[in-house]
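Enquirer: Protein sequence lines, in the order shown, are assigned to chains U and L.
According to this note's numbering, the first sequence is numbered sequentially starting from 1.
According to this note's numbering, the second sequence is numbered sequentially starting from 279.
To be clear, the hints were calculated from the coordinates, so they are not data collected in a lab.
For glycine and all other residues, C-beta sits at the position ideal for the given N, C-alpha and C.
One or more hints might be untrue.
So the derived label-pair ranges between C-beta atoms look like this [what the hints assert, rightly or not]:
#	chain 1	residue 1	chain 2	residue 2	range
1	L	S463	U	G123	49 to 55 Å
2	U	N37	L	E432	51 to 57 Å
3	U	S77	L	D445	51 to 57 Å
Residues per chain, in single letters:
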Amino acid sequence: MLKKVLLSLPIALAVTGAIAAQAPEDVLDRLVTKAGNPAYLTQSPQNRMMMPDNPAYMVADDGEKLFKEKRGPKNASLEECDFGEGPGVIKGAYVELPRYFPDTGKVMDLESRLIYCMKTLQGFTDNDQQIKKRHGNDSDMMKLQTYIAMQSNGMPWNPPLSHPLEKAMRDAGEVMFYRRAGKMDFACSTCHAATGLRIRASVLPNKDVPEEWTKAISWPAFRVGQDNVRSSQHRLLECLWQMRYPNIKPGSDASIALISFWTDAARGQPAILPDMKR
Amino acid sequence: MSKITPIAAAVAAASLFLVAGQGTAQQAPAATQGAAPAKPAATAPDATGVKRPEPLKKRAPDKAAPQTEVLIMDSQGIRMAPANVSAQMLAEYLILESAGFDLSQATQEGTTGKDRLVQDDIQKLCSLGKGQQLDPKAAQKVSEIATASIKYPEGGIKLGDWKKGRDLAWSGFGFRTAHNPDDHSKQQPGANCYNCHQLATDRTGGTIGPPLTSYGKLRGNSEEILKYTYGVIYNAHAFFPCTNMPRMGARNILTQEQIADVMAYLFDPASPVNTSAMSGMSGM
Numbered sequence: 001m002l003k004k005v006l007l008s009l010p011i012a013l014a015v016t017g018a019i020a021a022q023a024p025e026d027v028l029d030r031l032v033t034k035a036g037n038p039a040y041l042t043q044s045p046q047n048r049m050m051m052p053d054n055p056a057y058m059v060a061d062d063g064e065k066l067f068k069e070k071r072g073p074k075n076a077s078l079e080e081c082d083f084g085e086g087p088g089v090i091k092g093a094y095v096e097l098p099r100y101f102p103d104t105g106k107v108m109d110l111e112s113r114l115i116y117c118m119k120t121l122q123g124f125t126d127n128d129q130q131i132k133k134r135h136g137n138d139s140d141m142m143k144l145q146t147y148i149a150m151q152s153n154g155m156p157w158n159p160p161l162s163h164p165l166e167k168a169m170r171d172a173g174e175v176m177f178y179r180r181a182g183k184m185d186f187a188c189s190t191c192h193a194a195t196g197l198r199i200r201a202s203v204l205p206n207k208d209v210p211e212e213w214t215k216a217i218s219w220p221a222f223r224v225g226q227d228n229v230r231s232s233q234h235r236l237l238e239c240l241w242q243m244r245y246p247n248i249k250p251g252s253d254a255s256i257a258l259i260s261f262w263t264d265a266a267r268g269q270p271a272i273l274p275d276m277k278r
Numbered sequence: 279m280s281k282i283t284p285i286a287a288a289v290a291a292a293s294l295f296l297v298a299g300q301g302t303a304q305q306a307p308a309a310t311q312g313a314a315p316a317k318p319a320a321t322a323p324d325a326t327g328v329k330r331p332e333p334l335k336k337r338a339p340d341k342a343a344p345q346t347e348v349l350i351m352d353s354q355g356i357r358m359a360p361a362n363v364s365a366q367m368l369a370e371y372l373i374l375e376s377a378g379f380d381l382s383q384a385t386q387e388g389t390t391g392k393d394r395l396v397q398d399d400i401q402k403l404c405s406l407g408k409g410q411q412l413d414p415k416a417a418q419k420v421s422e423i424a425t426a427s428i429k430y431p432e433g434g435i436k437l438g439d440w441k442k443g444r445d446l447a448w449s450g451f452g453f454r455t456a457h458n459p460d461d462h463s464k465q466q467p468g469a470n471c472y473n474c475h476q477l478a479t480d481r482t483g484g485t486i487g488p489p490l491t492s493y494g495k496l497r498g499n500s501e502e503i504l505k506y507t508y509g510v511i512y513n514a515h516a517f518f519p520c521t522n523m524p525r526m527g528a529r530n531i532l533t534q535e536q537i538a539d540v541m542a543y544l545f546d547p548a549s550p551v552n553t554s555a556m557s558g559m560s561g562m
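Whenever a hint applies, use it, and build me the whole structure from the sequences.
Expert: Shown next as structure tokens:
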């Protein structure tokens, strides 16, 4: 495990230069200092200690292989996939998602864009395991997402809002964030609009403190309690489950509106990728 | 949400795009041509009957998006509908019309996912955005609706079994749906109190609500305090309009008998809530 990290780190340094030079734990440490040790950022010293050995690195290694491998009915790699910065550019792409893509006319998040490329470039369909299986360390989805997202470690969140649809989705996401519904009358803001509140022992991140919120939205992250790397879409699902809401379709506009808003709320703060969460 | 209906009907099963100004609008169709098939045309109930939505000029213009127009894509092709679509309307559309949520998902109470998402009066009045204050009139209304909803037990409020109440207070099980619905035939739904409150000190409670440690010891057990506490558990909005506390009785999360058990946990002198040491607690 440790060996693997030591091996991959110099390569990452060589390839991506200065920004990758700060490990995710360094990014976190600086945020902790800047924000004055908020409970959410400091609640798990064990996780902080384990970050250099984050199991997500192994998942990302597999993701890199999958990314570069020629696969699918069209026998193509994902190296031509345009995540918004041009074909093949993944460095810094994730912190500028969700964004509007003219080729689909939609605002897309990392997961939906990745699936779009796996379909158009590689020829996979919704019924293929490669796309269908969204969750778990052993899913292509999580391997690829972790690898791609990591290329934005330490970079500031900067989702574009220049296209009207980007703005509209972000604004609708804001309304959804404060909209109370469900058996328990919960809105996202019930739990995520104040600092230091807890649900039992879990410290809740405050959407209005960007230094806290950047950690909250830094997915994929290894969920220690679940022994798996998890995505933004998975976290959303878990909160909606706690809220007693019905199931949400992954990649739906509703999910992307919420993710557009939550990413905008962390604007300017550095991403912690991959992160380690409780 | 009757106001959303014209638009919602028009965009059912269609992709909805918002485009500001004519310039962008003209580019958008070309840019999106290849995209139509990517959107499954699955839920197109009456795409042929889709009418151009009525202009919504009568609505107060939305400051956030002054020049927004709706671009509709469906079997009839791409077109524009002049409208000030507010973030509010788009959110309602995304939640209730866009097939983002599983609206037909069965709930434990025998309703559907849609029923969970459609807001009742209190939920609507209490969906306050950032920095938005509840105005006194709305607070009054919320409190009135809540007060009217409270059904007190016939024959007065009696305390139940604090041990049952403890189990309920601790349990966060119940009514969760999404990807992993709770099976109420295997376990009864809990009351979630510990998610938000510190009660006894033998386990860690949340801090969304105030600590209730030594509740009975501090408050006594007068008729008045019993009635107040029953009311808070049944529908706390009667006392704290737009509180974050769920309406345990009014929303049928707990039965009257279960509320009596939870109340015993709060009031019974033998309950750990009242026998726990208060040290380290911030008090009430």
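Enquirer: A separate judgement is required for each hint: does it hold in the structure or not?
Expert: The hints, checked one at a time:
1. S463/L - G123/U: 49 to 55 Å: 44 Å, violated
2. N37/U - E432/L: 51 to 57 Å: Holds, since N37/U and E432/L (Cβ atoms, about 53 Å apart) stay within the stated range.
3. S77/U - D445/L: 51 to 57 Å: 55 Å, holds
Hint 1 alone, counting from the list given before, is not met by this structure.
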